[in-house]
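So the sequence lines, in the order shown, correspond to chains R and P. Once you know that position 345 of the first sequence is 345 in the working numbering, the rest is easy, because the numbers rise by one and skip nothing. Once you know that position 13 of the second sequence is 13 in the working numbering, the rest is easy, because the numbers rise by one and skip nothing.
These are calculated hints, taken from the structure and not from any lab test.
Identical copies go unnamed one by one, so any copy, or any two together, can satisfy a pair.
Straight-line Cα separation of at most 25 Å, DMTMM-like style, residue types lysine to aspartate or glutamate; simulated pairs: (1) K366 <-> E159; (2) K395 <-> D329; (3) K395 <-> E335; (4) K296 <-> E28.
There are 2 protein chains.
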Amino acid sequence: MRPLKDLIPFEDALRIATDLVRPIRRTETMPILDASRRVAAEDVRAMIDVPSADRAAMDGYAVVSRDTVRATRSRPMLLRRLEVLRAASRPKKRVIKGTCSEVATGSTLPPGADAVVRVEDTDREGDRVEVFAAVRRGHHVAARGSDIRRGSTIVRAGEWLTPAKIGALAAIGRGRVRTFARPRVSILATGDEVVPPGRSLRLGQVYDINSNTIASVVRENGGEPVHLGRVTDRLGPLLAALRKGLASDLVVCSGGSSVGEKDIVVDAVRSLGDVLFHGIAVKPGKPTALARVDGKPVLGMPGFPTSCLSNCYVLLAPMLRRMARLPPDTRTIVEAPLAVPLIRTPGRMEFHTVRIEQGKAVPAFKESSAITSMAHADGYIEIPAEVERLEQGQKVRVVLF
Amino acid sequence: MRPLKDLIPFEDALRIATDLVRPIRRTETMPILDASRRVAAEDVRAMIDVPSADRAAMDGYAVVSRDTVRATRSRPMLLRRLEVLRAASRPKKRVIKGTCSEVATGSTLPPGADAVVRVEDTDREGDRVEVFAAVRRGHHVAARGSDIRRGSTIVRAGEWLTPAKIGALAAIGRGRVRTFARPRVSILATGDEVVPPGRSLRLGQVYDINSNTIASVVRENGGEPVHLGRVTDRLGPLLAALRKGLASDLVVCSGGSSVGEKDIVVDAVRSLGDVLFHGIAVKPGKPTALARVDGKPVLGMPGFPTSCLSNCYVLLAPMLRRMARLPPDTRTIVEAPLAVPLIRTPGRMEFHTVRIEQGKAVPAFKESSAITSMAHADGYIEIPAEVERLEQGQKVRVVLF
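Please construct the entire structure, taking both the sequences and the accompanying hints into account.
See the structure below:
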């Protein structure tokens, strides 16, 4: 039993952790339907113009704009309708002076026509069309290439594929797109006492909370959890499990829901690689270690479920988002006054959980060992290491779960 | 060709649309690992206490607290160690006056002991343990049920399952949980000219953008897209496709990327049910219809890709989130000054797309027919119907995509 001696400031731990990880280089190609909110791994250039030809932007009549110059409601211009075009039609006739073709929105503009008169500005009897309003060249026409020009880049490698970018890929006919793979995260629970939920519990046993919370946070930050199951506290099996875990891009161990100091994990990773830190001046989450083994990050999380989950939010999520090339976390933040004063021992940065009740932030933290410190909270506030007291009514920024 | 006559205010359309949909009642049971960010469909009560017994909250020695009352560093109290307990151990010996048992964090507290002295406050030679600090009853002990009390409700039906709530389910040993099903959304593209991406394009044809953007928005708002493919503009096939689509919870049609007024869809749904509105005073997205067929909502989206996608964000997403029982949209909003003045024709509420460049909001809207109006934007600002002009430098709220 070795108590932690040298705690490093949380900011340093975060910097070391995010510096250690590298954005994923592995790519995979998938249907655009599955690529929403993934990260593009290729520059995509348009091989066609969009629209691919001049098209009517309104329902109406394709005309020679010069014909309409003097048209008004009281003195309409009379044109002869040549043909009726639907959106999918190929125009067969050339529009010349004194003629027009009926078009639907999206119709390819017939040759000779250079503008569209809206149906609202016309009247028709048979093929005799009266035009009530002048249009200029290009009016109500979506010009070829006006949306996307052939050769232009519509998506760049590294860009986040929003629904609109998926739409742009569809617009140029791309059915598939190359994206960066999701970082694979091996999740390992250590501890003889840890039992998967669903089984019954004997004295001294606890359910595995951390594998489940870690996996949830991994998923919502662009990663893919790989469950390695539970491993006993002995070094041999732990080393074997860690080596297996290193097939992934990142390994996260947790000490089950009970082991506080987790020396066994630190001993194991130390025998395999370099321990970068062990012990963070943060509350909850102090007994946390980070190592590099075979160039891969191994994160040793505290066994206490709230310590582990809090660190998932503040330490693992930024690591993952950098690996996944995702934009910084977009967790919602709300401002609220503190319902009561919050007095604490300074020295460690604190992520203190709170509930929002009637617009006020009510401290919800019980203890690090209690998952309800987080499960019965709506989010957390960040308290700098040196702060001793937050006043009642003081505005705090609550990061919602 | 019938131009739209009576536009209803956007707020009315939104109210009618969200009033029409009902929260999903169908449920499904799944492993808790898959239930993160799903909505619970059952109240979950704890059938066990967590912790299930009094446990050590620190590494150290389980003691009778009265023994330690006078212990100080200069005058330590001497205790005899009875046994060494690991987290998973079952205690075999009763701790009595003058004795202690070594415990790891998580160890079940041995009978007789009522507190734990931290290892930092002790020294040991063989089984002789010196205690340097007094502890009170319950000190460094996580009492049985202190996290979750047997019989208490840890998750309520309708609650959003955050990672912490998944952790609470794990803590009480629940391996599976009942959640509400995702609303199924049938997506139908109409138009003879519409071709799926991946094929080659003939004159008069356009790629199907809308099915892809609708599906993306459906997915990220808790729905499950069901692709019905493309259907011709003729009434018979359209009716058949709509009837098929009604197997889902919601049907979204779009007129391909070209048909503006989409009378054919409105005619079809009118023959099957009630049209609640047709035409919204919104820009983009005016030619939008909502109907109720067999008690199910059928949304007729504009064919123009930006009109369709904009409506997906402002109209379809709120409908979906209500059906899926999700909290209101948590899209990120940033404040930024307008880079240039924005002058417009009042009368319709507008969702104007903007890019964020050097901290300023730069208008990005081209035209409703151009998907790049959205694909090259970062978000949109909401402009009330009556506003004619936004000033350069005026702060606007940008809802990010």
